[in-house]
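Enquirer: All chains, please: the whole structure from these sequences, using the hints.
Listed below are the residues making up each chain.
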Amino acid sequence: EPEVTQTPSHQVTQMGQEVILRCVPISNHLYFYWYRQILGQKVEFLVSFYNNEISEKSEIFDDQFSVERPDGSNFTLKIRSTKLEDSAMYFCATETRDSSYEQYFGPGTRLTVT
Amino acid sequence: QKEVEQNSGPLSVPEGAIASLNCTYSDRVSQSFFWYRQYSGKSPELIMSIYSNGDKEDGRFTAQLNKASQYVSLLIRDSQPSDSATYLCAVMSGGSNYKLTFGKGTLLTVNP
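Quick note, the sequences are listed as chains A and B, same order.
Number 119 in my numbering belongs to position 16 of the first sequence; there are no gaps in the numbering.
Number 587 in my numbering belongs to position 95 of the second sequence; there are no gaps in the numbering.
The hints are simulated quantities; they were obtained by calculation from the structure and are not laboratory data.
Be aware that a few hints might be false.
To be verified - Pairwise CB distance ranges, derived in the manner of DEER restraints:
| # | chain 1 | residue 1 | chain 2 | residue 2 | range |
| --- | --- | --- | --- | --- | --- |
| 1 | A | S158 | B | E507 | 36 to 46 Å |
| 2 | B | Q523 | A | S169 | 39 to 49 Å |
| 3 | B | K548 | A | P105 | 20 to 30 Å |
| 4 | B | R569 | A | D165 | 15 to 25 Å |
| 5 | B | G533 | A | E188 | 17 to 27 Å |
| 6 | A | I163 | B | L538 | 17 to 27 Å |
| 7 | B | R520 | A | S158 | 21 to 31 Å |
| 8 | B | D570 | A | S158 | 16 to 26 Å |
| 9 | A | E104 | B | S574 | 11 to 21 Å |
| 10 | B | K494 | A | E188 | 20 to 30 Å |
| 11 | B | E537 | A | D201 | 38 to 48 Å |
| 12 | A | P173 | B | A560 | 38 to 48 Å |
| 13 | B | G546 | A | Q144 | 24 to 34 Å |
| 14 | A | N177 | B | K494 | 28 to 38 Å |
We put the CB at the ideal spot given by N, CA and C, even for glycine.
Expert: Structure, rendered in structure tokens:
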């Protein structure tokens, strides 16, 4: 069964450094999302992406964040200058929007900012 | 602010019993509703989706939706220890808004 994959599984970085989190969507999925989950808290929406454009973004998704699909397969989330409060699990989710709106999540990247 | 509320639990049931998980949401125009299971340290795994009022059954799982009461529930029949996890309710508002708003989840423990 096709799955969403994410790399790396764990990233440790120093405050102020740039990180890029990568996602490979399920092959026929066209709608992509990033969510994050701070330890012990809710899963929170960051951004949605379709047809090489951001569809919607949350208040969390400020100028330090960006997304792109550079090669037609990978879907990336970049954080330009990481802060301690960016430490969280980051999940990529993808969707076909054929007859349902079901979003399938990747395994996540644990980002630790020190 | 669109809210999704769940009892945080823990909800403890014996093996073989029915587990009942509940969720309420604040946005009346919400169209699509989902239950995810999340094991500790893992990602959310989709269990059920439901879009119209009534019941939807899939194996041991039944989702129930009542839009008038803004209420969604998940029943797990013949609960197994492997069902022990946090169950997340997620709501999609619809229209041009396809993001999921999650509740904090209910921790279910199934005791052998």
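Enquirer: Tell me, in ascending order, the numbers of any earlier hints that this structure violates.
Expert: The structure conflicts with hints 2, 4, 8, 11, although it agrees with all the remaining ones.
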